[in-house]
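J.: Spelled out, the chains give:
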Amino acid sequence: MAAALTIHNLKKTYQSGVQALKGVSLEVAEGDFFGLLGPNGAGKTTLIAIVTGLSNKTSGTVAVFDYDITTATALAKASVGVVPQEFNFSIFEKVIDIVCDQAGYYGIARAVALPRAEKYLKLLGLWEKRNEIAMCLSGGMKRRLMIVRALIHEPKLLILDEPTAGVDIELRREMWDFLRKLNAAGTTIILTTHYLEEAEQLCKRIAIINNGKIVSEGLVKDLLGTLAIETFIFDLVTPLTEANEKLVAQFGVKKVDQDTIEMMVQQGESLSDAVAALSRLDIQVRSMRNKSNRLEELFLDVTKKPV
Amino acid sequence: MTLNQMWVAYMTIVRKETGRFLRIWPQTLLPSVITTTLYYVIFGAFIGSQIQAIGGFTYIQFIVPGLVMMAVITNSFSNVASSFFGAKFQKQIEELLVAPVSPFVVVAGYVTGGLLRGLLTGALVLGVALFFTHLTMHSIFLTVAFIFLTALLFSLAGMVNAIYAKKFDGISIVSVFVLTPLTYLGGVFYSVTMLPPFWQKVSALNPILYMVNGFRYGLLGISDVNVTGSFIILVILSGVMLGLTMYLFKTGRGLRT
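The listed protein sequences derive, respectively, from chains A and B. Taking this note's numbering, the leading residue of the first sequence gets 1, the next gets one more, and so forth. Taking this note's numbering, the leading residue of the second sequence gets 308, the next gets one more, and so forth.
Treat the hints with care, as some may be off.
Derived DSSO-like pairs (lysine-lysine); straight-line CA-CA distance at most 30 angstroms [as the list claims (entries may be wrong)]: (1) A:K221 - A:K254; (2) A:K156 - B:K474; (3) A:K246 - B:K557; (4) A:K94 - B:K398; (5) A:K204 - A:K221; (6) A:K57 - B:K474; (7) A:K213 - B:K474; (8) B:K557 - B:K473; (9) A:K22 - B:K557; (10) A:K156 - A:K129; (11) B:K398 - A:K57; (12) A:K129 - B:K395; (13) B:K398 - A:K156; (14) A:K94 - B:K508; (15) A:K142 - B:K395; (16) B:K395 - A:K22; (17) A:K129 - A:K11; (18) A:K94 - B:K474; (19) A:K57 - B:K508; (20) A:K291 - A:K221; (21) A:K11 - B:K508.
These are computed hints drawn from the structure, not numbers from a lab.
Whenever a hint applies, use it, and build me the whole structure from the sequences.
T.: The following block contains the structure:
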């Protein structure tokens, strides 16, 4: 099976001298739901811009389904659909025209594009808005419109650059469902997002990019397994007494406030042991939660290390 | 892409570009018609009646070809320059850059849009002229060839300008400080033979002089310059501008980071 995306030693230096990519190598398997994570300015958007033809690479190779983007540009481009970070359609045009014109740029006649546009506009809840000027759409609708536009030529690889930024929770969940179904139907998806919960929910594999280099890559569950410490927050049934406060402090437990404590659990340690230890001190736990998303902890861990 | 797919992509751009300038016709088509009507009234009817015939034609008949060319040049140039720069500025150009459509098809699509607006405005300006005077047709081939090549050349020039421009100022500066003076000094309102010898030589460096005179020859049969030479100059300039546009587009100058 051909890899959906193969990147080898990709480098990009802008005219300003900024080195955005410092030798990135990456392979995304066909059918994968791949997350590309990284802090602002890490090189995610530059990488996507090179793959989709919006930026020239300085060196290295990029192939989409084995089509080299330099030597088989048209075939590579025809295989990719992209949902950019910023709105980049004419706000003065009708929704249906934006979608069908994009099909036209791929050589798809309007007669073929129209039923396809209807299918995707309906799937993303925009069919009723087809004859409205794009400027009249809400932010969430504009994001969905960009997804429809990216799918109109039915690409085998869909790249989404922060598709749910600024989208409300309900709509975000709907978009997740849509993307899951799309991936299950065979479309390879590459997603960049700042919502790490989103990456954890959707992605099978992730790569974390920092300062133009891949600093971590693998299956989400494997990467999360490398976390040495997890921090949990315990909400207590009764407020912590002064005596108990001193006792728990000896076990490295941190008091957040009178009714809440924070405990770090080492990899391999059982959480029930921690709860049992609290119970022995007559401290009853009402509820418990992760201090932060686990992927968030991994992200912070790998991106704070010097590259 | 197959030829059929390229045709679909080309027609998509042409339809979009044509729809754009027709939708906003009070901004795109009307100004040239109103401006040239004023020229016809003031320079043709009011002042022109006091001016002696040039080359056997009344003054208003003499200035009509130049005014038509002025409308063609301004509209072809500004259509592509503003539309393409607007697409670049608002990032809509990315819709085309991510697609497998070839640079030639994109250039051809935008240039056709500029060409159509230039020719349509030229036709309107010519139509208005018929309310003020009668015109002859010396050579339909030369008339069409000169107006077509001029619209093509300035559509390409508009694209080059849009590719280089970083701000909207970059579009208006070229139009106001380069195009307008060259057009006015290109023999629209006078025959260069009226100028002192030194200024005649300076005028010979202005490419618009050859376009205006070539078109005037096509309509009236009179010209200050050699028509064959003018035609060759226009063909060469169009070829050079097409080559430059294609080079800039292929290398991604001003389009890809």
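J.: Are the hints correct? Go through all of them and say.
T.: The hints, checked one at a time:
no.: 1; hint: A:K221 - A:K254; result: holds, 28 angstroms
no.: 2; hint: A:K156 - B:K474; result: violated, 37 angstroms
no.: 3; hint: A:K246 - B:K557; result: violated, 71 angstroms
no.: 4; hint: A:K94 - B:K398; result: holds, 17 angstroms
no.: 5; hint: A:K204 - A:K221; result: holds, 8 angstroms
no.: 6; hint: A:K57 - B:K474; result: holds, 25 angstroms
no.: 7; hint: A:K213 - B:K474; result: violated, 33 angstroms
no.: 8; hint: B:K557 - B:K473; result: holds, 18 angstroms
no.: 9; hint: A:K22 - B:K557; result: holds, 25 angstroms
no.: 10; hint: A:K156 - A:K129; result: holds, 27 angstroms
no.: 11; hint: B:K398 - A:K57; result: holds, 20 angstroms
no.: 12; hint: A:K129 - B:K395; result: holds, 26 angstroms
no.: 13; hint: B:K398 - A:K156; result: holds, 24 angstroms
no.: 14; hint: A:K94 - B:K508; result: violated, 53 angstroms
no.: 15; hint: A:K142 - B:K395; result: holds, 19 angstroms
no.: 16; hint: B:K395 - A:K22; result: holds, 28 angstroms
no.: 17; hint: A:K129 - A:K11; result: violated, 42 angstroms
no.: 18; hint: A:K94 - B:K474; result: holds, 27 angstroms
no.: 19; hint: A:K57 - B:K508; result: violated, 48 angstroms
no.: 20; hint: A:K291 - A:K221; result: holds, 19 angstroms
no.: 21; hint: A:K11 - B:K508; result: violated, 53 angstroms
Going through the hint list in order, the structure does not satisfy hints 2, 3, 7, 14, 17, 19 and 21.
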